[in-house]
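**Student:** This is what each chain is made of:
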Amino acid sequence: AQSVTQLGSHVSVSEGALVLLRCNYSSSVPPYLFWYVQYPNQGLQLLLKYTSAATLVKGINGFEAEFKKSETSFHLTKPSAHMSDAAEYFCAVKGGYNKLIFGAGTRLAVHP
Amino acid sequence: IAGITQAPTSQILAAGRRMTLRCTQDMRHNAMYWYRQDLGLGLRLIHYSNTAGTTGKGEVPDGYSVSRANTDDFPLTLASAVPSQTSVYFCASSDSIFGTDTQYFGPGTRLTVL
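Line by line, the protein sequences give chains C and A. Read the first sequence against the numbering used here and you will find it ends at 162, with the numbers running on by one and no gaps. Read the second sequence against the numbering used here and you will find it ends at 129, with the numbers running on by one and no gaps.
Bound conformation, chain A alone (with noise of 0.2 Å):
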């Protein structure tokens, strides 16, 4: 079936620890998205990529890191967890870079850092 997956589904955290989410799309899209969802905020862009081999920053990119070496996989990688980090996140993509288009989500990581 095709679309965006993710894992792990939940994880907890130990303060301090180094963790990578993981996100895979099969549409052939150029472009991925990471999101934080937060009760009250909404979603919240982190990390972008238009296309593999380029990235950006979000609106709250601060503690995290991406790349996107190929089309398919988008990582986030959380170098040195800390417990605001405690959040739902979600993978996103689309078929362009243009902004009309859907973006497609992935079921989301909870995470929990203690």
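For reference, chain C alone in the conformation it holds in the complex (with noise of 0.2 Å):
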């Protein structure tokens, strides 16, 4: 069975600061990774996807995250924080036929 888990429940940054947020995965067959970001009072966006192609995946908003299989992990990362980013972020994995598995969200704050 797929499942996600991300750690940090909350994690806080100054403005200007990299951003990580923490995802590791387990899977028995190759595995499909999404992060998605929800804001204040509002449904999920996706920020990105891997799908079994570049390792490195770029997303919207300068966000990026890295495949790695010998980690088991989909680190997601930004250079630079802005306070636009404080939002609750999602790591997923494809779960059998069609559904994502969601791992419990990481709530990120961003400081002056």
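Please keep in mind that the hints were generated in silico from the structure rather than gathered at the bench. Idealized CB from N, CA, C, for every residue including glycine. Check before you lean on any hint, since a few could be wrong.
Stated by the list, open to error - Selected chain C positions facing chain A (in silico; Cβ < 7 Å): (1) Tyr89; (2) Lys149; (3) Ala154; (4) Gly155; (5) Ala159.
Said to hold, decoys possible - Using 20 Å as the maximum straight-line C-alpha spacing, the simulated DMTMM-like pairs for lysine to aspartate or glutamate come out as follows: (6) C:Lys119 / C:Glu65; (7) C:Lys99 / A:Asp110; (8) C:Lys99 / C:Glu65; (9) C:Lys99 / C:Glu114; (10) C:Lys99 / C:Glu116; (11) C:Lys99 / C:Glu121; (12) C:Lys108 / A:Asp116; (13) A:Lys72 / A:Asp53; (14) C:Lys99 / A:Asp53.
Take the two lone chains and join them into the complex the hints point to.
**Tutor:** The structure is reproduced here in structure tokens:
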């Protein structure tokens, strides 16, 4: 069965600092992996996805993630945080036929 | 504007009452999904539909039912609401059933069962 674990339910960074949100996955087959962002009182929107092409995936708003099979990781990074990046971030893996299995989420706070 | 609409935005409901959450998409996507979001648990799949006329159970289907009479609509019904069904409910859709396509989410319905 597939699963994801997001390390750290809350992450706080200064504006301009590196953002690193951690995600580890478990999958018995080559995984498809996703990062979604949820702004307050909104639905989720896709940041980026890995579907077995390039291991470094670039997404919207300057985010990127690197698929590392040896570490079973798919961490999300952004070189320089902006106040508008404050949101909740969810890592997800394709599970079964067409379902997404989500991690518990990481709330990112950005302070001046 | 293309996308997914959900109604109502929020609802307070007495335990034991029946409630239907509505979801409509105008993107002509084949697949649709219902998730519930609870603090510390992320999103969990309740039911899904790969195409009009078919539905399937997700991770937490008990106490919920769905129907998919046409491509656009995917209502979620709570036959007899209980307090543990207090949650935020998200409807989503995707263009294919193969899992690599993006799932698009609606704005959510915040449901409180007292």
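**Student:** Give a verdict on every hint.
**Tutor:** For each hint, the structure was consulted:
1. Tyr89: At about 11 Å, which exceeds the 7 Å cut-off, the nearest Cβ of chain A leaves the hint on Tyr89 of chain C violated.
2. Lys149: holds (5 Å)
3. Ala154: Holds, because the Cβ-Cβ distance from Ala154 of chain C to chain A comes to roughly 5 Å (cut-off 7 Å).
4. Gly155: holds (5 Å)
5. Ala159: violated (16 Å)
6. C:Lys119 / C:Glu65: It is violated: about 31 Å lies between the C-alpha atoms, which goes past 20 Å.
7. C:Lys99 / A:Asp110: Holds: Lys99 of chain C and Asp110 of chain A sit about 15 Å apart, inside 20 Å.
8. C:Lys99 / C:Glu65: violated (25 Å)
9. C:Lys99 / C:Glu114: holds (9 Å)
10. C:Lys99 / C:Glu116: OK: Lys99 of chain C and Glu116 of chain C at ~10 Å, within 20 Å.
11. C:Lys99 / C:Glu121: holds (18 Å)
12. C:Lys108 / A:Asp116: Holds: Lys108 of chain C and Asp116 of chain A sit about 16 Å apart, inside 20 Å.
13. A:Lys72 / A:Asp53: Holds. Lys72 of chain A to Asp53 of chain A sits at ~19 Å (cutoff 20 Å).
14. C:Lys99 / A:Asp53: violated (23 Å)
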